[in-house]
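J.: One line per chain: the protein sequences are A and B, in this order.
First residue of the first sequence? That's 678 in this note's numbering, and the numbers climb one at a time after it.
First residue of the second sequence? That's 1253 in this note's numbering, and the numbers climb one at a time after it.
Hints were generated in silico from the structure; no laboratory data involved.
Small disclaimer: the values here were computed from a predicted structure and weren't measured.
All C-beta atoms, glycine included, are put in the ideal place defined by N, C-alpha and C.
Careful, some of the hints might be misleading.
Derived lysine-lysine pairs resembling DSS-like cross-links, with alpha carbons at most 30 Å apart [claimed, not checked]:
| # | chain 1 | residue 1 | chain 2 | residue 2 |
| --- | --- | --- | --- | --- |
| 1 | B | Lys1449 | B | Lys1485 |
| 2 | B | Lys1524 | B | Lys1620 |
| 3 | A | Lys897 | A | Lys751 |
| 4 | A | Lys898 | B | Lys1681 |
| 5 | B | Lys1416 | A | Lys898 |
| 6 | B | Lys1325 | A | Lys899 |
| 7 | B | Lys1579 | A | Lys933 |
| 8 | B | Lys1325 | A | Lys897 |
| 9 | A | Lys801 | A | Lys921 |
| 10 | B | Lys1444 | A | Lys895 |
| 11 | B | Lys1444 | B | Lys1539 |
| 12 | B | Lys1449 | A | Lys897 |
| 13 | B | Lys1612 | A | Lys898 |
| 14 | B | Lys1685 | A | Lys895 |
| 15 | B | Lys1414 | A | Lys899 |
| 16 | A | Lys921 | A | Lys809 |
| 17 | A | Lys751 | B | Lys1325 |
| 18 | A | Lys809 | A | Lys945 |
| 19 | B | Lys1325 | B | Lys1539 |
Some chain A residues well away from chain B (every beta-carbon gap over 12 Å; in silico) [stated by the list, open to error]:
| # | residue |
| --- | --- |
| 20 | Gln767 |
| 21 | Glu768 |
| 22 | Arg771 |
| 23 | Asp790 |
| 24 | Asp825 |
| 25 | Asp838 |
| 26 | Asp853 |
| 27 | Ala888 |
| 28 | Pro891 |
| 29 | Met894 |
| 30 | Leu920 |
| 31 | Leu940 |
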Amino acid sequence: MGVLITGTNTGSCERDSPGHVRYNSVSELKWRPLLLRIRVKPDNTGVVTDGVKHSMNPFCEIAVEEAVKLKEKKLVKEVVAVSCGPQQSQETIRTALAMGADRGIHVEVSGKDYETLGPLQVSKIMAALAKKEDAQLIILGKQAIDDDCNQTGQMTAALLDWPQGTFASEVTLDGDKIKVVREIDGGLETIKINTPAVLTADLRLNTPRYATLPNIMKAKKKKIANVKAADLGVNLTSRLEVLKVEDPPQRQAGMKVETVEDLVGKLKEAGKV
Amino acid sequence: MDTRCEYSLPSLVDCQSLRQISRPSWGACQSGLRSRTTSAPAVAPNQAGGVVAFPPLQTYSEEESMMRDAVRKYAQERIAPLVPMMDENSVMDEEVITSMFEQGLMGVEIDPEYGGTGSSFFSSILVIEELAKVDPSVAVLCDVQNTLINTLFVKLGTPAQKEKYLNRLSTDMIGSFCLSEAESGSDAFSLKTRAEKHKDYFIINGSKMWISNAELSGVFLVMANIDLSAGYKGITCFIVDRDTPGLEICKKENKLGLRASSTCPLNFDNVKVPEANILGEVGHGYKYAIGMLNEGRIGIAAQMVGLAQGCFDHTIPYTRQRVQFGKRIFDFQGMQHQIAHVATQIEAARLLTYNAARLKEAGRPFIKEACMAKYFSSEVATLTTSKCIEWMGGVGFTKDYPIEKYYRDCKIGTIYEGTTNVQLSTIAKFIDKEYDR
Chain A
678 MGVLITGTNT GSCERDSPGH VRYNSVSELK WRPLLLRIRV KPDNTGVVTD
728 GVKHSMNPFC EIAVEEAVKL KEKKLVKEVV AVSCGPQQSQ ETIRTALAMG
778 ADRGIHVEVS GKDYETLGPL QVSKIMAALA KKEDAQLIIL GKQAIDDDCN
828 QTGQMTAALL DWPQGTFASE VTLDGDKIKV VREIDGGLET IKINTPAVLT
878 ADLRLNTPRY ATLPNIMKAK KKKIANVKAA DLGVNLTSRL EVLKVEDPPQ
928 RQAGMKVETV EDLVGKLKEA GKV
Chain B
1253 MDTRCEYSLP SLVDCQSLRQ ISRPSWGACQ SGLRSRTTSA PAVAPNQAGG
1303 VVAFPPLQTY SEEESMMRDA VRKYAQERIA PLVPMMDENS VMDEEVITSM
1353 FEQGLMGVEI DPEYGGTGSS FFSSILVIEE LAKVDPSVAV LCDVQNTLIN
1403 TLFVKLGTPA QKEKYLNRLS TDMIGSFCLS EAESGSDAFS LKTRAEKHKD
1453 YFIINGSKMW ISNAELSGVF LVMANIDLSA GYKGITCFIV DRDTPGLEIC
1503 KKENKLGLRA SSTCPLNFDN VKVPEANILG EVGHGYKYAI GMLNEGRIGI
1553 AAQMVGLAQG CFDHTIPYTR QRVQFGKRIF DFQGMQHQIA HVATQIEAAR
1603 LLTYNAARLK EAGRPFIKEA CMAKYFSSEV ATLTTSKCIE WMGGVGFTKD
1653 YPIEKYYRDC KIGTIYEGTT NVQLSTIAKF IDKEYDR
């Protein structure tokens, strides 16, 4: 799931006070299986998802929270939550609405198309929506917990030719630029990027709020628009084909040895040394 | 385990008493079965709209599902870690109370105009059930506020009273319901607390006992008699603010269970209450009390169901993991039969509770069903918790595991808001009447 921050139709940002820019933001939300026991399908084409409880990807929750926070600080005008998937992914949009998003867009993708839906197609959809909604900021989760692809944000930025601030652990809007503190292998990196831009949320960006009951009630009145990928001019055919999905090999019992010599001996026996 | 179906409302032609359109109309569906009304037949199954004609009791509207999931998550993450400490020290953590208000759990049925959530009775039942799975003490705080205090104000409050209290009840103030006394429990209407009328105010003298949440309440709904010679027809409901001179909140009881919820005696020593603080009409207090308790009963039933389920959910994983004699203790037939029996009882209790709640929402008679739900659920909670300790073996007997707390907490279920014997007598009265025709 991602959050689109849509702009006004001048295509640039409104300034309502010095140094204060108003954006609209869009979030793209992923509807993903909860972390439960994973079972490979009997035909080895994938993982069993039927009957498995699904909910919003945790990093997407963080993305929504960030967008809602920006709106509360009045730095952003409108937060639109987007999700691509079957009927049930509307649930995640509702949750985002209950957290404070203003409206939702459900890009209906089901059946075979959904099974092969990958980051490339999603980023094409996001790019198309960003143009259609005149968004100035797109916030996504850094990766989904089922496929761990970590690609959608980056691809979306490339398709739109927008700067990207990925693995964001801190986001500050500064005039018409955004300061992003990124978590990288060596530590933290601070960059300043122009808008419009794409951000992907990392774990420490914020702590998502609970949807309070009054907000759940309010969310019922918010609109969710239904869109088809074809309407956006996006071709969903995948260029990837999953050949096989297998369980990892069963863990074998280990062995305890008394001395280092024993250890080396056993390793030699097993042909490892 | 949850059979969740999206149920969309059929045509509203025959629905008589619907308050909110988003909920499934049980009245319309079931009315064709019992009373011979001229209602149009319910929508046939497999119609193009995908509308199911007679959905199972465990069918929730989208709003109800979302609420239940939100409360479940909140309770697991924010209340569960505090439960052992609250039980040990017999205190409700402030963070729990603040977050309950923040989440909108204390004003589920109150109109958003007054800061409430604006949802339905059934939603509050689901909320109470989910909270009770984690901590029945927190559930009772939520139950008393929603089903007793808020309902009384909403139904009987003058605009001025609503203005003054409803906002606070949904955002930061806890309320207490004061009926029982040392000498009048089941025989509630023989209460002796009296209110003497003077010009435009009353002076209240007497004492109350077993008042839930009293330690933290900001407002007390006190049942006092303005004319003892008139018997129960003198009982009147007074709104008494916490800081009223003469009101003394005594030391809380040291209880077996529900320890985080404070239960205190109250003393009234010439407490002056203006006439404007009468809730409803003079001398009608007994009616209000009965009416509210009929509804509160369903809340307690939900609490007991949640308690039983929570206890059960903690126990089964242990039985699946513990191995004796080379197999899981779950795999012994004796265990399986006991477990299946208890699971069936919990399911039955839940269905009784949901049905009573739906009947009430549909504006249909529900008192007998509410009594059955409360009586049965509290018995089931007692059975479940007792069995769970046995299934856990030695560890079930220690405080390191949460099971023993559920065992202690369940006992009050058969006692408060109408003892089991009172429920049974009430049910019998209804049965008697049914055969009058």
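J.: Does each hint fit the structure? Answer for all of them.
T.: Here is what the structure says about each hint:
For the suggested pair Lys1449 of chain B and Lys1485 of chain B, the alpha carbons sit about 15 Å apart, so the restraint of at most 30 Å is met. For the proposed pair Lys1524 of chain B and Lys1620 of chain B, the alpha carbon gap of about 39 Å is over 30 Å, so the pair is violated. Of the pairs offered as hints, the one joining Lys897 of chain A and Lys751 of chain A holds, with about 23 Å between alpha carbons and a cut-off of 30 Å not exceeded. Straight-line distance between C-alpha atoms of Lys898 of chain A and Lys1681 of chain B comes to about 45 Å, which puts the hinted pair past the 30 Å bound.
Distance hint between Lys1416 of chain B and Lys898 of chain A is fulfilled; the C-alpha atoms sit about 28 Å from each other, no more than 30 Å. Straight-line distance between C-alpha atoms of Lys1325 of chain B and Lys899 of chain A comes to about 23 Å, which keeps the hinted pair within the 30 Å bound. A distance of roughly 27 Å separates the Cα atoms of Lys1579 of chain B and Lys933 of chain A; the hinted pair therefore holds under the 30 Å criterion. Distance check on the hinted pair: Lys1325 of chain B and Lys897 of chain A sit about 20 Å apart at the alpha-carbon level, within 30 Å; holds.
With a C-alpha separation of about 26 Å, the suggested pair Lys801 of chain A and Lys921 of chain A falls inside the 30 Å cut-off, and the hint holds. Under the criterion of a C-alpha separation no larger than 30 Å, the hint pairing Lys1444 of chain B with Lys895 of chain A is inconsistent with the structure, at around 46 Å. A hinted pair counts as satisfied when its Cα atoms are at most 30 Å apart, and Lys1444 of chain B with Lys1539 of chain B qualifies at roughly 17 Å. At roughly 49 Å between alpha-carbon atoms, Lys1449 of chain B and Lys897 of chain A are farther apart than 30 Å, so this suggested pair is violated.
Our distance criterion of 30 Å between C-alpha atoms is met by Lys1612 of chain B and Lys898 of chain A, whose separation comes to about 26 Å. This hinted pair does not check out: Lys1685 of chain B and Lys895 of chain A have alpha carbons roughly 45 Å apart, beyond 30 Å. With a CA separation close to 29 Å, the supplied pair Lys1414 of chain B and Lys899 of chain A stays within the 30 Å bound. Using a Cα cut-off of 30 Å, the hinted pair Lys921 of chain A and Lys809 of chain A is violated, with the two alpha carbons roughly 38 Å apart.
At roughly 29 Å between alpha-carbon atoms, Lys751 of chain A and Lys1325 of chain B fall within 30 Å of each other, so this suggested pair holds. A C-alpha spacing of about 64 Å is found between Lys809 of chain A and Lys945 of chain A, which places the hinted pair above 30 Å, so the restraint is violated. Between the alpha carbons of Lys1325 of chain B and Lys1539 of chain B the distance comes to roughly 38 Å, so the proposed pair goes past 30 Å and is violated. With a least CB separation of 9 Å from chain B, Gln767 of chain A falls inside the 12 Å interface cut-off, contrary to its annotation.
Listed as outside the interface, Glu768 of chain A is inconsistent with that label: its C-beta sits roughly 8 Å from the nearest C-beta of chain B, within the 12 Å cut-off. Against the 12 Å criterion, Arg771 of chain A falls within the reach of chain B, whose nearest CB is about 6 Å from its own CB. Residue placement check: Asp790 of chain A keeps its beta carbon more than 12 Å from all beta carbons of chain B (closest about 22 Å). Annotated as non-interface, Asp825 of chain A keeps its C-beta farther than 12 Å from every C-beta of chain B; the closest such distance is 23 Å.
Separation of Asp838 of chain A from chain B is adequate, the least Cβ-Cβ distance of about 38 Å exceeding the 12 Å criterion. Every beta carbon of chain B lies more than 12 Å from that of Asp853 of chain A, the smallest distance being close to 35 Å; the non-interface claim holds. A beta-carbon of chain B is positioned within 12 Å of the beta-carbon of Ala888 of chain A; the least distance is around 5 Å. A cut-off of 12 Å between C-beta atoms contradicts the statement that Pro891 of chain A is not in contact with chain B; the least separation is 4 Å.
For Met894 of chain A, the condition that its CB be more than 12 Å from all CB atoms of chain B is violated, with the nearest at approximately 5 Å. Look at Leu920 of chain A: its CB is around 35 Å from the nearest CB on chain B, clear of 12 Å, so calling it non-interface holds up. For Leu940 of chain A, the non-interface assignment is confirmed: its Cβ lies about 32 Å from the closest Cβ of chain B, beyond the 12 Å cut-off.
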